[in-house]
Structure formats: structure tokens, C-alpha cells
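Visitor: From first to last, the protein sequence lines stand for chains A and B.
No gaps in the numbering here: position 271 of the first sequence is 271 in the working numbering, and each next residue is one more.
No gaps in the numbering here: position 103 of the second sequence is 103 in the working numbering, and each next residue is one more.
For the record, the hints were derived by calculation from the structure and aren't laboratory data.
Everything numeric in this text was worked out from a predicted model, so none of it was measured.
Treat the hints with caution; some may be incorrect.
To be verified - Chain A residues, not near chain B, derived (Cβ > 12 Å throughout): (1) Y55; (2) A57; (3) P68; (4) R88; (5) G114; (6) L233; (7) P245; (8) E482; (9) Y533; (10) L535; (11) N551; (12) N578.
What the hints assert, rightly or not - Computed footprint of chain B on chain A, listed as stretches where at least three residues anywhere in the stretch have a Cβ under 8 Å from a Cβ of chain B: (13) 70-79; (14) 129-135; (15) 216-227.
What the hints assert, rightly or not - List time: in silico PhoX-like cross-link candidates among lysine-lysine, alpha-carbon distance up to 25 Å: (16) A:K516 with B:K70; (17) B:K27 with A:K462; (18) B:K334 with A:K575; (19) B:K329 with A:K624; (20) A:K575 with B:K299; (21) B:K120 with A:K505; (22) B:K141 with A:K326; (23) B:K334 with B:K29; (24) A:K575 with B:K120; (25) B:K251 with A:K591; (26) A:K284 with B:K141; (27) A:K270 with B:K329; (28) A:K575 with B:K116; (29) B:K83 with B:K116.
Where is the CB? At the ideal position from N, CA and C, for every residue including glycine.
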Amino acid sequence: MKTWHQSLANLLNKTLLAGALGLSLSSYAQSGFYTDFQTLIEIQKTNFSQKFERYAAEPSKLEDIKDPLKAELDPDFLSSIIFNTPGRYAGLGGADKCGLYDLVLSNLAQGPNGDIEIFLVRYENNEGKIVTTAASRKDFFEKIAFKQCPQVERFQKYFGLKNLPTTLKNLSLLPPSGQAECEESHSKMRLDPKTPYLCYLSEEIQGISHLENQIRKTSGGQYRKLRSLRSKLKAAKQYEKLVSPAAQSYLVSLCENIDSKTAFCEGFFKSNFWTRVVQGEKSKHYMESSCQQLKGKNQLNKRDYESCAAQFANEPDLCSELGNLKGDLTPKPGCDELSANLNLSRLKADYEDCPAKVGNAGIVNITRLIAHFSGKAPPKSDFCHASITAMFAEFDLETSEGRAWDVRLCYDDKINQREVCLPAVYGNVKDSDLSMSSVVEKILRKTKGLGADQSCRLTSKKGYRPELLEFKSGCFVIVDFENCYGTSCEYEVLLNQKKITHIRKKSGTQFDYFPKDFATENFAISEQFVKKYKLKSSRVLNVSTLKRVLNENKEAVIHGIGCAEDLLPGHFSKKRFNECRPLPFIIDGYKENDGLYSVIIRTAYDSLHAPRLVPWTNLFSALKDYQRIHPLNVWGLYALRK
Amino acid sequence: MRLGNKFGVLLLAVAAASKGQTPPVLKAKQALDNIRFISQDGKYTYYQRRSGDLQVFTNYDNKVVMEGPKLTQYSLSAGPAQKKIAILKDESFHDRLSHLKSHEIFTVDFGGSSPKLHGKGQDPALHQNDRLISYYRPQEKNIYVARTTDGHQNIVPIKSAANDFFVPKRVMPTPNDLVYTDVNEKGEQAVLIRSLIDSKALPVFKASRSGNKLEMCLYESSLIIGEFPRGSGKGGSRIIEVPLYMNEGYKNSKTLYQSQQADIGNISCVDGSLYFIKTLSQDEELGLKETEVARLGLKDQKVKVLTDLDKVTQIVSMDGMVLAPLRGKYFIIKGPKNLTDDSIKDGEAKK
């Protein structure tokens, strides 16, 4: 059985052939293919518009249809739709008449005058005669199209403004995270009957500035036209509010390239990442610290980001050193390489961290994994390192009662004759009992009778000015910022300007990232993490496994430990026999060319927003060298997925 | 054979000639994984045990150098004087992955087993006939220079502004002068010379681009400095010689080597030669480099690629031997091929 699309194509071919034959006989002296084709279009246009005007003069209400299920659109009318609809939409929505109705209803299918308002229909009437008539859009859909294709009527309701928010919530319109996922997504959307409606939304949103321009140019006297344009603009702006920037970007790319999988996917992985940030598709965190440094200010507006994006494009070296004030590993990749790497990266990174200030690579790596799989960013804090260590400490206290996180503030409980130690982080963290001030307050309430209404204020050495009245009394925790890290910190506690000496600090964070002996295997932080988030963890022994894991699951990432000198030989050198600096890392993407592979990797020393491209051979050497010195000969590369 | 084929064969031959050979693999009596230092004549082998001990094996005799908690990692290095060995003892190697750690640093006599503690830090290096030892404390951003005899110390602060993972390179042309690398807020590295007597520091050389790595070694009365790009990798690599005497402001220098490629560097100077990792070709798409060990003669300035290992990235020198570690093996670039000879040396038989 021929599909609707094939029938139309055949009809078109016959028309073209007949026309071409006729032309070739009549105008042989001036023929060329293009000239003939243009003339053919003109002939079609003229013939059709004559027919159309004839029927449109007397439209029908379609009340005499014998069987609506057997009604069809007039073949010449169909041809005119094919001629006037953008070619990329022709294959959308499936290969039957319902797909065509979706295209028409979403206004992607066009007639010679734009949106189709009058339809030429052919049907058997109650008297048994085959008639052709013109019908309004409303009558055609209500009396024929919705009866033939009930789903089309449902979609009209789903994509109406009233139901649109609910409809969009149930759709996943996120950019793909890998090439295989991208191709699958494109194939799926091409056959999805909802796609024409999504492309309609996209086109309306993209058309906002054009509509605004048209309104500006239309004189006030053209009341009806102005009213129509304003109504369209209002609807388009409402759509814009409902469709997120990331989804808008995805739909633009999809609808522009619905007929080409290659072009669609290239748009994601070869596009400029910085533009995607400016357009709101990707988080501003990726550019924030670099742009702040470039512009010399903390508060950035859209224009600043646009300017930074332009500078990154023109001066690729900029990204290597910018945004380095937290001491992350530099030089970072250049802007072009960074853009390409970030396009292929999937690790959730909509927050800031600061590896150098945390001071423990194991904590940095695990916290990044926690943020990725829990979907939650670390809690806010004025101290970047406290935000990260708080997330780690909460995780550790919950899973192993603080076996790994051993930063404590201690005092002697004289009544019970014992030492009491309370877990803390070096800084104040929103809504966390681990905040340094809160823990100091607790201790001073027990030991110095600090009032319930009194609190301790965290301040820097520079900020503490004892000559000012506000510092004359009260409780202050004075931190030496220069010497304050996630796991060790120099600080002082003053109560009414007297130094508190009975609060002792215990600074220690020692834990196995991967198990180092069988007796304590279950206490390794990687094991605790997999258990808490109910993940599947499997060894990645070769590049084929790496590729398969990342392609099959778009949230999967790979973590491991290798020798830094092999991972990043330009940054770390081996000077001694069997020297190795163990460095945890996360891999969340890869690149392939001619059977060779490189991975997109963030080591625990790298900025969260600056992944590197490391060849598989370097990674393999790093893992091999670490394996040789590990007590259990652990191959430190594991895939994690839900 | 057609002309095209002959030409192709000729090209291959030329290409093959520009690469070295596959060097022999280092073999030792013990499993290499536990070894931390072997003397070039094979007489002394320092190795660590799972129990946490560091031991020295010589002439069928095992001695404990020091004890430590289980799974302690040791790192050993010797200077060219062959009088002492510097030992770094890391007791939390597997369970505290912190770049801020400072470890106990010892020295022992070459082949000896009585350690002397000098302080805590990272990356110890011996200088000036092994009479001085320098090391770095990352949390303080200070270089410590101590006498191995009486422990007298000097402290040299560095900026290390742009990168908290930066570890300064150090050499000492005289007992009173420390030459070291530092980095500013823009990521520009520089070589500075500082007098330990009056604490005055002078710049010797500044990297031409932000992000470039500087490495150095001493050769006769000159400082040999290698500059190797990182990051976007543009600008090429070079090795220069800067005379340390009769060179006001260190303005005079001589270029010994230059390349358009971004070499990895990781230099090692042994017996008048500078060994480094040279990049022969690069694939920008995947960040892949074809890298080999090359030798630069410091007198004749001739460069020769010594290996055909394709992906070697590091050079380790150990008691005058030059080794290239790759995928768990050590390839011998310079040194004896076999360290398995454990026969008692003349004049050293046990009484």
C-alpha cells in the first residue's frame, strides 16, 4: 500500500513530467532545466489560483458529506501545499494524512498566501456525487480532519496556551550530551507527531523581533492588521516565557535541521559554547569568573557576557589564565578547546568550587559526583571551600558517622569529665549545623554561659577592627583567610575581646577513595557513595567500554585515580623512581578520530568549568602506574550510572 | 619497483632515521614496583616494604633505613655528588590526597642506613656537593634551604600567585645563592636568583608567554633554561644558556635549541647533556602528541632523538642513569643495561 507521501510524490512527478513534456515541445528553442522548472511553477500557480478562486467564491459548510472518513483534500490543493511548504518540513510527522493535518494545524505547512485559511476538499455527498468544494479552516478541521484523526484534535488542545505549561513539563527538550544520543533524539523527533507543534512554538518565538518590527512599521490606520499582529506577538511572548532558553535552543536546532541528522548534531558539538551561555542555554557559571576578571567587576549584565563571548572567540588564549584567582590548576585550555570540550561534557556544574582552597582532591572529586547524581548544588557559603566541605561532611556523617570527615572543634566537658568534639567546617554555610560560628556558639553556651540570644560573628583578620565600637563586646571568630583551607584553618575566637583558648581544633580528613585493604573495603568513600545514591558501578578496562557506557546512559560519568605525571605531563614531572602523585578525576565525554580517542576530563585540581582533553594513552599510563603502587593493584577507573 | 614506490621507501627511511631506537628495558633483582633507588653500579638498592619500612640492600645484606606505618610511600633522589640521598616519607599517601601536605624529609649517606631528619616539605633536592638540601612547603609558599651537616636553615618566600599547585624548581650555583622559578598572577613564570646572605632577589629570565613552563639545570658556570608552552601551546619551545658570571642583569644568553612544536620538556641534565621530551608531531583535534626522548649536547648543541617509543612523556634520572618510564616499564636511555649483577664487588667481601 502506498503511503500518502509517496502518492503525493508520484502525483507531483506526473505533473512535472507532463508539464516538462509540454514545454519541451512548445519552447524547445529557449529551453534550459531551470527556466522550464520556473515556468512550471508559474503554470501551476496560475492554474491552481484560477481553480481556487472559482471554489472559494462559494465556500461550503460541509453539511452534505456522506462519510467524512473518506473525504480528501483536492490533489491540486495538495500540490500547492507541497510547493509552498519549506522542504525540511515535508517529511515531518509520519507518512499519513494525520501527519499532514498536524503540519497544517501548526502552520508549518503553507499555501500560496501563507497560513492556510481555505481548504479545497473532495468528497462524496449525500446524493452519491463526488464534489469538490472550498471550506473554511474551522469547518475543515471540525467536520473532516478531527474525525479522521482524533489525535490531531487532542494535540490542538495540548498545545493551546491553557494546557501548554503542563504539556511542556512532560517533554524532555534538553540538548543531547553525546553524538549517539543526538542521532537517536533526532530520529525520534522526526517521527513524533508532536514535533510540528514544537516547531511552531519555536518559529513563533524566533519571530518575536520580526513581529515587533512589523508593528512599528504598520500605520495606525491599518487597524485590523495591527490587531492581528499584536495578538500574534502577545501569544509569541507567552510561548517565550513558557519554553526555557535551553529548550528554545534545542528546538531551533531541531526545526532548522529536521531533515538532516548530521547538521542537527553538528550544531550542538561544534557550536560556540560561549554563545550558548549568552543565550541562556548553559549556566553563566561557565563564564562568570573569567568574565568578572576581564571586565574588572563582580556584577555582570547580558552585554558584559556578550562582550566576553566575543573576546573569547577573538582571543582564544584568554581562557588559559582567566578566572584563576582561586588558584585552580593553570594554564587551563584555550577558549576554543574549552568550548569544544564543554560541548561534549555532561557533568552538572551549575555552581562554583575551588579545588586549591579545599585542599583535598578526594573531597573535591566526590563532592562533584554528589552534586551530579543528587542534582543539588553545594550549599551557599561566603567561603567557597566551606560550601564544598559542608556537602562532603554532611554526606560522610550520614553514611559513616563521620569516619572520613574528622574536622572537629573540641572542649573539655568538666561535668562529665570527658572531651567533647563537634564536627564543623571552616566557614559559615547556609542552613548547616556544621557552620563554624554555630559550633563555637554551642561550645561557648556550654562552657562560658553565652546567652541564647547571643551569636558569634565570623570575620576576617582584616575585617576585625577592635578600635570600633561594634567589636568591643560580643563573640568573634577571626579567620586568617590566607591560611584557611577546607581541611585546615588558622583562626582565633574572641569573647568580649578576650581570647578563648579552651576550644581546640582537630583537623584531619583521611579516607580511602578506593578500597586499599579488604578489611575496610566497605568504608572506602567510593563504596559509600555508590551505596547512598544506589548507583551501578563497573570497571572500565578499555576505551570500547568507556564509549559504550557514555553512549548508553546520558547521565553516566566515569571516575578514577591515576598518577598526575602521566595524566598531565606538561604540568607534573617525575624526578624520582616510581614517583606518583595520585590524582582523582571525572571523565564525562570523549572525542574520536580515525580509531584514536581522547577523553574529556576534569582532574580534582582543575576548575569545575575547565575540562581538558587528554589522550587515552595518557590516561592508560596514569592508571597503570597507579595500579602498580596500589596495595590491592586497583585499576582505578569506574563507570557510575543510575 | 616504480619510481613512486622507490620514493615512498626513501621517505620512510628518512622518517625512520629521524627517530631513535627502542631502548632496552630496565631489569633488577627485585620487583621494580617496590624499588625506590638503585645505584648505577647496582651496588645499593633502596626499596620499601608493605609494612611501611624502607630498607637498603647491598652485598647480600639488608638494613632497615627507617620504619613507618603500613603502606608508607617513600621517594628517593640523589645529587650528582653521590654523597647523600634525600628521602621523602609520606605516611598518608593513599588516604590523604592533598597538595598541601608536608612530609618528613631526611638524608642518608649514599648507600647508608642512618637517616637524619631535616624538616617537613615537598620535593627535596640536594645541592652543592650534597652539603645543602632544599624543599618546598606549599601551605606557607616558602622554600627551605638547609645545611645537611648542622641543619642551619634559610627561608625563601615565593609568590606562586596564579596556581596553588605550582612547585618551584631550584638549583644552587653557589652555597649562598638560590636560583628558583616563581609565577605571578598572570601565570607568567620567571627564574630568579636570591642571595641567602642579604636576601636580595634578581630576575634572571622571564617566560615569553603566560602559561609557559620554565625548567633549569646548571652546566659549568651557566644556567640552562628550558621554556616549554602549555595551554594553547603556541609560541614554540626553546632552551637557552644564561652565563651566571660577568653577565650584568643576566641580559646575555645563547639559544641552544628552538622548535615550533610545543615540547613537553621534563628536562634532566646528566654529564654535559640535556635530556628532554621532544614533540615530533601533534594532532590538535585530539590533543595527541608523538613524543620521544631527545638529547641536546650542551657543548656542541646537537639534538638527537634517542627513542621510538611514540608516547613517552617523562624522564627520570637516578644516580647518573637516564630512564624513560612508560606503561609500567623503565627504558634505559643512558646507563648499564643490567642491574641484576649481585656479585660481591672487589674489596667489599664481608669479614
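Visitor: Could you run down the list of hints and mark each one as holding or not?
Guide: Hint check:
no., hint, verdict
1, Y55, "holds, 60 Å"
2, A57, "holds, 64 Å"
3, P68, "holds, 58 Å"
4, R88, "holds, 30 Å"
5, G114, "holds, 45 Å"
6, L233, "holds, 45 Å"
7, P245, "holds, 30 Å"
8, E482, "violated, 9 Å"
9, Y533, "holds, 21 Å"
10, L535, "holds, 21 Å"
11, N551, "holds, 18 Å"
12, N578, "violated, 6 Å"
13, 70-79, "violated (count 0)"
14, 129-135, "violated (count 0)"
15, 216-227, "violated (count 0)"
16, A:K516 with B:K70, "holds, 11 Å"
17, B:K27 with A:K462, "violated, 58 Å"
18, B:K334 with A:K575, "holds, 15 Å"
19, B:K329 with A:K624, "holds, 10 Å"
20, A:K575 with B:K299, "holds, 24 Å"
21, B:K120 with A:K505, "holds, 21 Å"
22, B:K141 with A:K326, "holds, 15 Å"
23, B:K334 with B:K29, "holds, 19 Å"
24, A:K575 with B:K120, "holds, 19 Å"
25, B:K251 with A:K591, "violated, 45 Å"
26, A:K284 with B:K141, "violated, 33 Å"
27, A:K270 with B:K329, "violated, 39 Å"
28, A:K575 with B:K116, "holds, 22 Å"
29, B:K83 with B:K116, "holds, 14 Å"
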